[in-house]
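Novice: Using the sequences and the accompanying hints, generate a full structural model.
2 protein chains.
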Amino acid sequence: MTRMQGRSRSYPDSVTQLIDQLSSLPGIGKRSAERLTFYLLKSSTEQALGLASAIEAVKREIRHCSICSNLTEAEPCSICSDPGRDASKVLLVEQPRDLMTLEETGMYSGVYHVLLGRLDPLDGIGPDSLSVRELLRRVEDPSHNCRGVKVEEVILGLNPDMDGDTTSLYLWEQLQKSDIKVTRLARGLPTGSQIEYANSAVLADAISQRQSL
Amino acid sequence: MTRMQGRSRSYPDSVTQLIDQLSSLPGIGKRSAERLTFYLLKSSTEQALGLASAIEAVKREIRHCSICSNLTEAEPCSICSDPGRDASKVLLVEQPRDLMTLEETGMYSGVYHVLLGRLDPLDGIGPDSLSVRELLRRVEDPSHNCRGVKVEEVILGLNPDMDGDTTSLYLWEQLQKSDIKVTRLARGLPTGSQIEYANSAVLADAISQRQSL
Chain A
42 MTRMQGRSRS
52 YPDSVTQLID
62 QLSSLPGIGK
72 RSAERLTFYL
82 LKSSTEQALG
92 LASAIEAVKR
102 EIRHCSICSN
112 LTEAEPCSIC
122 SDPGRDASKV
132 LLVEQPRDLM
142 TLEETGMYSG
152 VYHVLLGRLD
162 PLDGIGPDSL
172 SVRELLRRVE
182 DPSHNCRGVK
192 VEEVILGLNP
202 DMDGDTTSLY
212 LWEQLQKSDI
222 KVTRLARGLP
232 TGSQIEYANS
242 AVLADAISQR
252 QSL
Chain B
42 MTRMQGRSRS
52 YPDSVTQLID
62 QLSSLPGIGK
72 RSAERLTFYL
82 LKSSTEQALG
92 LASAIEAVKR
102 EIRHCSICSN
112 LTEAEPCSIC
122 SDPGRDASKV
132 LLVEQPRDLM
142 TLEETGMYSG
152 VYHVLLGRLD
162 PLDGIGPDSL
172 SVRELLRRVE
182 DPSHNCRGVK
192 VEEVILGLNP
202 DMDGDTTSLY
212 LWEQLQKSDI
222 KVTRLARGLP
232 TGSQIEYANS
242 AVLADAISQR
252 QSL
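For the protein sequence lines, the chains are A and B, in the order given.
Note that the working numbering has the first sequence beginning at 42, numbered continuously upward.
Note that the working numbering has the second sequence beginning at 42, numbered continuously upward.
No lab work stands behind these hints, which were simulated from the structure alone.
For clarity, every value in this text was computed on a predicted model and none was experimentally measured.
The reader is advised that the hints may include incorrect statements.
To be verified - Stretch by stretch, here's where chain B covers chain A in the computed footprint (C-beta under 8 Å, at least three residues): (1) 73–81; (2) 97–109; (3) 131–139.
Unchecked claim - Examples of chain A residues toward chain B, derived with CB under 10 Å: (4) ASP61; (5) SER84; (6) ALA89; (7) GLY91; (8) ALA93; (9) THR113; (10) ALA115; (11) PRO117; (12) SER119; (13) GLU144.
No residue lacks a Cβ here, since even glycine has one placed at the ideal position from N, Cα and C.
Specialist: What follows is the structure, given as structure tokens:
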């Protein structure tokens, strides 16, 4: 059998570009980017352009609330401007999606502060990369808090892991300068779980922070 | 502890819309769509709008070649119009990415026909959903083949599995009406593999289609 001659070809330019753009997204490799590109090529123009314009709309419409840093189209956001919320309690979370998850419980009627991450010195994420300054400002000066209400309690609601705890400790130190109550979300056994499968860190929390009935 | 009152809130509209659009893509669930949306919100406007315009460009620029149905910006595509390719040999593949993979070997100098799928009656995919008509037309009438060259051989290069074989059999029957050679890609042991781990279907192919040295 003779080896036939040929040359290597590539996709048309616009296809290559879309593959490159998609594979630069987190969790999307070259293969998935190709699959998505072919899906978009196959799908209706309406659907594909719908995605494009949704991206454009998000970049055009969405900003961070100047008070709590949550994502919003309005300024301030609908939570900060809601007179039905108790603006003296500020629940501090890492990300907007944490806020959403807590809101879904319907158990909290205070306001929030979104830190937009956690301290990570090795990755170059210091207090200035997060909304720490905005937090301290609203705590110190009621005119920077929602509807001018004085902050009386900050509830630390960072993720219960090592980096979250480091960040909580840092913020706790910063907040000590002000005369407010600082609490954190309770730790213990997750309701619905089985003690048999709980790890020792969870059990240690459950024991040391046992509650009276 | 009293149960605090609150109400469930949602993301701003444009964020919800982008999450919905992204989660309608294959292999992207609600969680991934949220993660991607937050990534796009965080990333530079330039990067996010780059993705949006890449999607628009693909839908604007890319069509199927009228001869081989491959993706192309030009008409006919660069392979069909290349005088250095042997247009009397047509290698039939399922998808544009199969064509790309074969091209990367540099072992083939003929032209291609992209079927754009495989027969799947249960999913409602019959010959009319594929580029079968275009294939038969170029086989029967040289004026519909690349550069007016008569087709002498169709090489079936569908995926070597059950659906691929069903589709191959159907196409082989259709092509019998014309006076052309129909071949298919060789089956056997994949070079670099170990017989110990080959499955019985592969071994059966390797035995029944053994080659003389």
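Novice: Could you run down the list of hints and mark each one as holding or not?
Specialist: The hints, checked one at a time:
1. Given a C-beta distance limit of less than 8 Å, the hint that chain B covers the segment 73–81 of chain A holds, as 8 residues qualify and 3 suffice.
2. Coverage of the segment 97–109 of chain A by chain B holds [criterion: at least 3 residues with CB-CB distance below 8 Å; count 7].
3. Interface restraint, the segment 131–139 of chain A with chain B: holds (3 residues with C-beta to C-beta distance below 8 Å; minimum three).
4. Hint status for ASP61 (chain A) relative to chain B: holds, with the closest Cβ pair at about 8 Å, below 10 Å.
5. Interface restraint check for SER84 (chain A): the shortest CB-CB distance to chain B comes to about 9 Å, inside 10 Å, so the restraint holds.
6. Nearest Cβ of chain B to the Cβ of ALA89 (chain A): about 5 Å, under the 10 Å cut. The hint holds.
7. A distance limit of 10 Å between C-beta atoms decides the matter here; for GLY91 (chain A) the minimum to chain B is near 6 Å, and the interface restraint holds.
8. Nearest Cβ of chain B to the Cβ of ALA93 (chain A): about 4 Å, under the 10 Å cut. The hint holds.
9. Residue-level restraint check for THR113 (chain A) holds (minimum Cβ-Cβ distance to chain B is 6 Å; threshold 10 Å).
10. Annotation: ALA115 (chain A) was flagged as interfacial toward chain B, and the flag holds, the nearest CB pair being 8 Å apart, inside 10 Å.
11. Using the Cβ-Cβ criterion of 10 Å, the hint placing PRO117 (chain A) at the interface with chain B is not satisfied: the shortest such distance is roughly 13 Å.
12. Hint status for SER119 (chain A): holds, given a least beta-carbon distance of 7 Å to chain B, under 10 Å.
13. Here the hint on GLU144 (chain A) is kept, as its CB sits about 5 Å from the closest CB of chain B, short of 10 Å.
When each numbered hint is compared with the structure, a violation occurs for hint 11 only.
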